[in-house]
Amino acid sequence: MESAILIKNGRVINPTDASGKATSNVANNQSLDIRIRDGKITEMESDLKRRDNESVVDAQGCWVMPGFVDMHTHLRDLGQADREDISTGTKAAAAGGYTTVVAMANTDPPTDCAEILDRVIKRIHERAIVEVLPVAAVTKGLKGVELTNMVEMSDMGAIAFSDDGMPISNLDVLRRAFEYARLHGRPIISHPEDKDLSHGGSMNEGCQSTCLGMKGIPSASEAACVAREIEVLRYTGGRLHFAHTSAKASIDLIRQAKAQGLNVTADATPHHLVLSDADMTPYDTSFKMNPPLRSQKDVEAIEQALAEGVIDAIATDHAPHSKLDKSKPFDHAPFGIIGLETAFSLCFEKLVLSGKMPPNKFLALITTHPAKILGIPAPQISVGSRANIAIVDPEMRWNFEIGESFSKSKNSPFTGRSLKGKNLVTIFNGKIVYLDKERAAKRVQEVCASST
Amino acid sequence: MSDASSLAVETSSKKKMADDKDSNLILPDNLPGLNAWKARRHLLDTKDLSVEEVDALISVAKLCKNIHSKGRPPLTVLSHKVVGNLFYENSTRTRSSFELAARKLGASVLNLDIRMSSVAKGETIEDTARTLVSMGVDAVVQRHSSSGSAHKLAELLKDEVHVLNAGDGWNAHPTQALLDLFSMQETGKAIKGRKVAIIGDITHSRVARSNIWLLQKLGAEIHVAGPPTLVPVELDSFGVTVHEKLEPAIKDADFVIALRLQLERQDEGLIPSIGEYKRLYRLDHERIKRCKADVRVLHPGPVNRGIEITDDLVDDSKVSLVNLQVANGIAVRMAVLYLLMYDGEDS
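Taken in order, these protein sequences are the chains called R and X.
Mapping to this note's numbering: the first sequence position 433 is 433, numbers consecutive.
Quick note: to get this note's numbering, add 1000 to the position in the second sequence (first position is 1).
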């Protein structure tokens, strides 16, 4: 009763059909009306009549897709609530069409024990407007020495384990982590970086760093770490997910490992897909992230790997930082950029509008693929499934204005960028959690405004 | 200020400070590049200087050198201006050189000694520079250990002050490159087509970068040599010929610039020992026989005698331009301050 919505005239796009097989092509995706009640999709027909108690969303010209899944965000909160909290972070997620986000464990204090995870989960209940799945640390204090109580935290709801940002450099510890992970069966997410090779660097090592007089981070710092972690995994068995892969050399290693049958998956970020180090505004810390923007050759390798399925998913690595921290000189400023609100449009332009990928295949990269890696139900627009939905106008051109961002932090290299394809409405568990009021207010008719 | 010729300053006619006409800074009427300088607010790098701007600057530097080498009293062209020195890294030489240059043009100089600790306490380069602006400073001469810090400052305070980059991290040290150029040109050789070899720690050197961009613009052929651990990647993509060994780099060179080797590079594991460095890259009379007969050797200073260059070679005034570089530094910095700051009113 409270959350009844009727979506009219939208074109339904699913990454998979009801049996879980990839949908063949867009032409099969029909224009359908969708009825939502009590958090679920109850009907899908070509001409559903509005009932009195229903809000109506006019999705004419829009694509109606399952809500996106971001398997890599930093929602901060706790001791870093000046940068972002779960409320602002999930508002940004909803604005970007995401209904599920995976929150990394490098909180302050780190999510490395039941007490902290409990605090995080409470915050999520209090503040989240979309689903937040917390990640817990692999090692205590993200120090790479002692394993955390992974089973206890898994039972509490930790979706995966990761020392993101602080890769485990001791391979014996990594080995024990892979072995111990059999007890919970959840993925370990690796941030592949050899900290000795990258030490002190603040951008990709290449002609740009040479030109700007900046200490570089060689692509080998990522690839060398991918190589050694693959070898440990080959020995122990288990499954390993590589986050934000940025270098061609790493991707080649992952391709090879997959071909050899290892249970390895990977994601890449929108910014590594659309920008190279040549696109940086020199010394602008909005372009400083880890891994850094790589060369054009690496950008092309990411695009190819997404098309081939070597890279399984796109994840934002949304990483808010305060204006004060980002106003430091480039080499002293922290790594990271926000990305939840721009991810869809950037990738949509780069992959779909360019004709390189059909919409359903792209959609899988931000829905079913990450869901599968995380072991959660595949997002799907079908009768009986949870009503987590993003309604996107694929033709709409818009400017990303940082002042309008829901994030507390403003560190984006895409400020002012003209983008095509805009998420207008996000529905989570049958409720509208985001409506682009400026561009789509007229599309929604609330219950009270229309009934009788 | 109306046209280029109005830049000519008859200080003696306005002030009785000097009878000698050598005290005047009289610029040629039709110096190409002066208008570009009029439009320019900052000097951050040699990358974005046009050849005309460089030529104009060198012309003005010559005039300045004439004036200051004769020990005349200061000019008054910048007498209503204040130059703030903001050095986050120690540098007696560059700072003194800027200070003297500013005083010789009549400007007041404010030296703010910044310890990195105050930055660590949370003061940003913007805060610090704003403090200077609030004190009425017209130009900030900044040295900072972070590459890009001068660009950042210029972006933050673009309409409030002139920013002169006195060295930012590994990135740029434009006045050093300009004084190197001035010193090379004083030997009578035109730079176009000349082979210039830069030797040593290229990676960490803002002097090397600023010289490469500047000298290439003027048509020089740049060769570098240094330990492979101290040469940045893909330097060849900028048209620089990269050698590992010294000998091919200096062969037939017209000019050789030896860079200062920071002794901590050994502790950082970038070179095995100073001894090994000397063995491979130290310039001496024997090695420079491979260069052109009239080769000149430069060094940005301070020289680690016996490490980058032998004692004898530094002191050989027939070959070494080291002392000339220091003297020319003041002239070049006078020219830069004048071109950026002079607004046609000298009290």
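Hints are computed from structural coordinates only; laboratory data are not their basis.
Please note: incorrect hints may appear among the correct ones.
[Claimed, not checked] Calculated cross-link-like contacts (lysine-lysine; reagent style DSSO-like; alpha-carbon spacing at most 27 Å): (1) K215(R) x K1278(X); (2) K1318(X) x K1292(X); (3) K1292(X) x K215(R); (4) K1047(X) x K328(R); (5) K1245(X) x K323(R); (6) K350(R) x K410(R); (7) K49(R) x K8(R); (8) K49(R) x K215(R); (9) K49(R) x K431(R); (10) K297(R) x K1047(X); (11) K1189(X) x K328(R); (12) K215(R) x K1289(X); (13) K326(R) x K1278(X); (14) K1047(X) x K326(R); (15) K258(R) x K297(R); (16) K1289(X) x K410(R); (17) K1062(X) x K1245(X); (18) K1245(X) x K1158(X); (19) K215(R) x K1318(X); (20) K420(R) x K8(R).
Item to check | Structure versus earlier hints - violations, ascending order | outcome: 3, 5, 8, 11, 12, 13, 16, 17, 18, 19
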